[in-house]
Every structure is written in structure tokens, then in C-alpha cells.
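**Student:** Protein sequence lines, in the order shown, are assigned to chains A and R. Under the numbering used here, residues 1 to 172 are what the first sequence spells out, in order. Under the numbering used here, residues 1001 to 1540 are what the second sequence spells out, in order.
Worth flagging that the hints you see were computed from the coordinates, not collected in a lab. Honestly, I wouldn't trust all of these hints.
Simulated pairs of lysine-lysine, DSSO-like, Cα-Cα distance not exceeding 30 angstroms [what the hints assert, rightly or not]:
id	chain 1	residue 1	chain 2	residue 2
1	A	LYS16	R	LYS1309
2	A	LYS16	R	LYS1473
3	R	LYS1237	A	LYS16
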Amino acid sequence: MADPLKSICDDPLERKWVWISLVLAVVMGVTLGYYAVASNLHPPSNVETIDSSRLHLSEEFAEDNLGVKTNPDGSVRVTLVAARYGFYPPRIEVPVDTQVTFRLASADVLHGVHVPNTNMTTMVVPGYISEVTTTFPRTGEYSLLCNEYCGLGHDSMWSRLVVVPKTAGGQS
Amino acid sequence: MTDDKAAGLALVNMWVGFIAFLAAAVMGVYQVLERSGLIPEMQSPALYFASVSTHGVLMGFVLTTFLVVGFGYYTATTSLKQSIWNRPLAWFGFWLSLTGVLMAAGPLLTGNASVLYTFYPPLMAHPLFYIGATLLVVGSWVWCLQMVMMMSLWKKAHPGETVPLAMYGTTANAILWFITSLGVASEVLFQLLPWSLGLIDTVDVGLARTLFSWTLHAIVYFWLFPAYIAMYTLLPKAAGGKLFSDQMGRVAFIMLLVFSVPIGFHHLYMDPFQAAGWKFLHMTGTFMVAVPTLITGFTIIASLEIAGKLRGGRGMFGWIGALPWGNPMVLAAGLALLMLTFGGFGGMINASYAMNAMIHNTQWVTGHFHLIFAGTVVIMYFAIAYYLWPKLTGRQLHSTRMALTQLWLWFIGMLVLTLPWHVLGLDGQPRRISSTPYDQVLVDSWQFNQIAMIVGGIILLLSALMLVYNLMKTHGNAQAETNLEVEYAEPVHAVLRMPPLMNGFGFWCLLVLVYMIASYGYPIAQFFLMDTYGTVPWSI
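Kindly produce the complete structure, drawing on both the sequences and the hints.
**Tutor:** Take a look at the structure:
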């Protein structure tokens, strides 16, 4: 079969290079696609709206319902509110090696959350609920940092995440 | 001096760009010093975020737009040998853009627009900031129109002939910029401006971020285009050789035009409000847009090899040493390709759908785009300036030696600045912070790199001062420049007849339209199909 690139590219060596480049792009896409499907590895993408100015009237994000809850199947659900300048509740404990689903809503502006040295991260956008699921393989004290500029107090917006051994129960 | 080539227009535009650049470089040094916490008395989030917002606007919007416009006009007149389509309109565009910059400067410098150059609603800036940004963009649209008109008038006057590669790339960039700026223009005109004027009460932040992502990726290709145009059309000749392939340059420019706009969601990987499937679709395009850069790498290095061998270089690598490294264009291109390679590896990680989670919004990202933009792209802006200033002013460059030192300092400074930032990002340091009042164990692990970045910033400021000094002194140089012609590189194989698809843009614009509807149609429409809640304005 004739090389379809021949009409636009005269040099055989350059044609080879263009093919390598195209294959490289496709291999990257296919690899990430494979892991997306096989390991359910996706970025946090949750299309769900909420009225950020009335979080206190919503059931899920009312103050009494925030924090860590264990589901019947043993997985853990963490409900957090991000508001200038903190995450509420400010200290949470979750068990090691357990699937943890974070659900976050902003009470005011744009925020982000990142736990350094783990892959727990998501943006927190007013008007929408963020959801991210992960598992922490190592116990210890972690920081939950706001990683999106949210105003002049942004630097001091962080809180504590403690990953505890399973026997400790993981309740806040 | 008659000004058929629009040298005055080019000079004035580029000077605005470089003055903005110098001011922003000064702010950069203040920012690394403040952020490091080395001098506790300096700590001030209000000043820092005003500075970082201004730095971003000056580097990302002002330096780039004015340089692209100035270089574009001069490329058009010299490559087509045709005067500006509408000179008064071109000056009107310039004054409109400049008025916009001055209007935005007020709120920026007084801390009333510390919303960063990415706008970040529901933080709200003073309306003058949004109006100023709009005028800057509308002024640049005048340039887009001029480039399209000049190319089509030339084609009418030269039926069957091939548009010079430099102009083909410049027009591709003009079309690209017009299409990509429509995203941020819609965000500002329909959301932020009426909202800041009190005409509407709330904005949908999800929609605003989606519209901004439409602009946010392709804008970097708008910035990059002059660098590639210089590499394809000026560098081979400056190095003493020929362009390896004219056709592959066109293929690269077309691919950049088609693939760089409909892929903006890699800036939204970590956002809610867009489903994972759309992000995946945008990711595949993100990898495709690496292909024209890989093609460019091949063509440029092959062109340099031709030059090196013509100059007597032998063997697999012997040609590298034979290149005229004392020519600023050649040196800048070599350093730019190195930084592009480093930055490109990082970019692959940013582009990866899931791996992005490790580095999203960390200092890694700041390191990445400084390496690619402030490194690769801006060092080529310097090379363009050193090449064009003698032709524009009719005076020899004040000092070639100073130019070479300046380019080396920029390269070294950029590495000393950005390598620590990559490490800080991997160690979890957020970007966009003015201090680090975090967990002590975490902060202690950042200490060394926090100091290293200051050294990088100071080297870069020194380099920036040398550039502006050298260009300024060139105007007053007693030695007249004898070679006033821009010498575009000849391809190895002369272009005889170009297929119409590679000599025009009609089909490609249609393709971008279809691709845009496919990748942005539903993601934008969904905000009107579901019940969303707007957000009221917040001050910083």
C-alpha cells in the first residue's frame, strides 16, 4: 500500500518521523483509555448542581450532617463544606486502605482541595457538588490544602486529614 | 524613511510589548521574594495578589498580543511585498488595544482587579478591568482582519502562486486567535461585564469556566506562533542553510489551527460540572496537538543540520559545532528547543487525564508554563527583536555580545526558576499562594527550592534589563545597518505548485467549526438544559 503521507511529505525519513509522532499520540490516548475503562481511573467529574447560597438549608450540607460517615458496605463517605477560609469540619479521620468518597460544596467562591502526596484533589465550584473517590494506602497526618485562589486569606485555608489504622474505626 | 513595510507600526507595537515585559519581570522578582518568606516584613497578600494579577496580564496579554501584532504586520508587508491593507485602521487597532491596557492598569495596580489574569468569577473585579481587557482583544481583532485581507488580496493579485510560508503561518495565527478569543469574549460580554455593572445579579461559574477554557489553551499557540514562524522562515537562513521542508511547515500550522481550540477541557480535568467522557475527548485532541510540535522539531533540526554541513560540519553530530552560535537567532532557537523538550515532557503529564491529579494547581504547573512560554516562546521573541531591530531602525544592533549573554542568562535563569518549581509541585506546594503557613513538616521540605527560585528570578530580571537596554541603545547607534531586507529562508525543494488545501484556510475553518460543535456544543448547552444556580459577586 502506498504511504498516504506521500502526497504531503517528500522525504522518506520525515514520513517515518510523522508516523512515529502519530503513533505516539495514539498510544498515549489508548493507554489512558485502557486504564480509564479497566481501572475506572477518571478525573473527578460530577455534574450535579446545588444552590451555594443556601447550603445550610440543604440536607446533605447542613452543619449537622458534615463529616465522616461509614456506609453499610464498609466504604466511607466524607461530606465537607469549603468556605473562606477553611474546610468544615476542620479535622477529619478516615481509615487506611478503605474506599473514601469525598463530597464537597462551596459556600462562596471557587476553591480547590489537594492532599499533598496523595491523588485526592478536585476543584470546588460554587453552584456544583464535587465528588472524588480515592483510597489512602498509608496512615499518618496529612494536610488538606486549598489549591485555588479564593481571596486574600487563601494561604491560610487548610485543614487536617488523619489516616488511621482500620481498627481505630475512622470516625470523626 | 518611507514606511511601505509598516516598520513604525511594528516598532511601536513591539515596544509596548517589551515595556510591559520589563515591568512584569520586576514584579516577578518581588513575587519570588515575597512568596519565599525570606523577609517576613515583605509579607502582604494584598500586594502579592495585585502583583501576580498584573504580572499575568502584562506577560500573557500585553507582551504577547502587541508582539504578535507588530511582528505580524512586518511579516505580512515584507513576505508579500505589499503594503498594509488599511493603515489608519491598523493604528486605530493599536490605540484601542493600548487604551484597553491603560484602563485595566488602574484597577490592577490599585488592587481592585486582583482576580488573576484568568478572571476567576465569582470574585469580582472593577468593571474597568473587564472593559480594558475587552478593548485589548477587540483591538487585536483589527489585526486579524488585516492579515486575512492581505493574504486574500495577494492571492487575487497572484493567481496560482503559493502564499509565502511566513504569511501562511501568520494568517493561520490570526484566524486561530479570532476563533479562540470568542470564548473569553463571550464570558466577559455576556457574564462578567453586565454582572460587574450590576445589570445581572448572578453568574453561572461552571459556564464561565467552560467558556474560558475555550480560550485558555489555544491562546498559548497564539503566543507560540511567532516563535515557530521565526524558526521556519528566519532561522534556516540565519544559520547559513535552507528550510528542510516548506510543506511540512504548512502541515504543522494547519494542525495547530485545527487541534488547538477544541481541546480546552484539559484545564478543567479536576472540575465538576463536565462529565468524564467530554474530558476524555478533549484529551485525545490534546495529544494530537503535540504532533505539529514534533514535526516542527524534526524540520527545524534537519534544517540546522543542512546549515551545519554546508558550513563544513562532519559526521552525526559534528554539524552542531559548525553552526554559527554567535548569531542570536541560532543561539535562541537552540536554547528554545532544549526548553521545549523539557517542558514537553511535563506537558504530557499535565495532559494525561488521570495523572494530572498529582500536579493539578501545584507549583509544577507554574514551572511548566514558564518553561514553555517564558522560556521557549519568549526567548524566540528576543531573537525576533534582535533580528528585526536593525532592519526597523536602520541602525546596527548596539551589541551582539550583550545579546548572546542575555540569551544565555535567560536560559539559565529559567532553568534555575522552573526546575525548583517542578519539584515543589510534586511535593504538594499549591500555585497562587503568597506565603506558606502550612504544616511545618511539609513546609520544611520546600525550603531549599524556595530559595533557589529567588536566584532564578534575579538572573531573569538582569537578562530582561539587558534586552531592553540593548534595544534602546540600538535606536541611537551611529553605525547604519546596510542590510534592511528581511531574508526569508528558501526551502531545499523549491515550491512549484501547492495544493489549494495548503494554500488557503476555507476548508480548515469549516473543520474547526464542526470540531468545535462536537467538543463544545453539548458541554455549553447543558448549562441551559439543566437547573443551575448562579453565584453572587464576592470581593477579594
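**Student:** With reference to the structure, classify each hint as holding or not holding.
**Tutor:** Against the structure, the hints:
no. : hint                : verdict
1   : LYS16/A - LYS1309/R : 22 angstroms, holds
2   : LYS16/A - LYS1473/R : 47 angstroms, violated
3   : LYS1237/R - LYS16/A : 26 angstroms, holds
Of the numbered hints listed earlier, the single one contradicted by the structure is hint 2.
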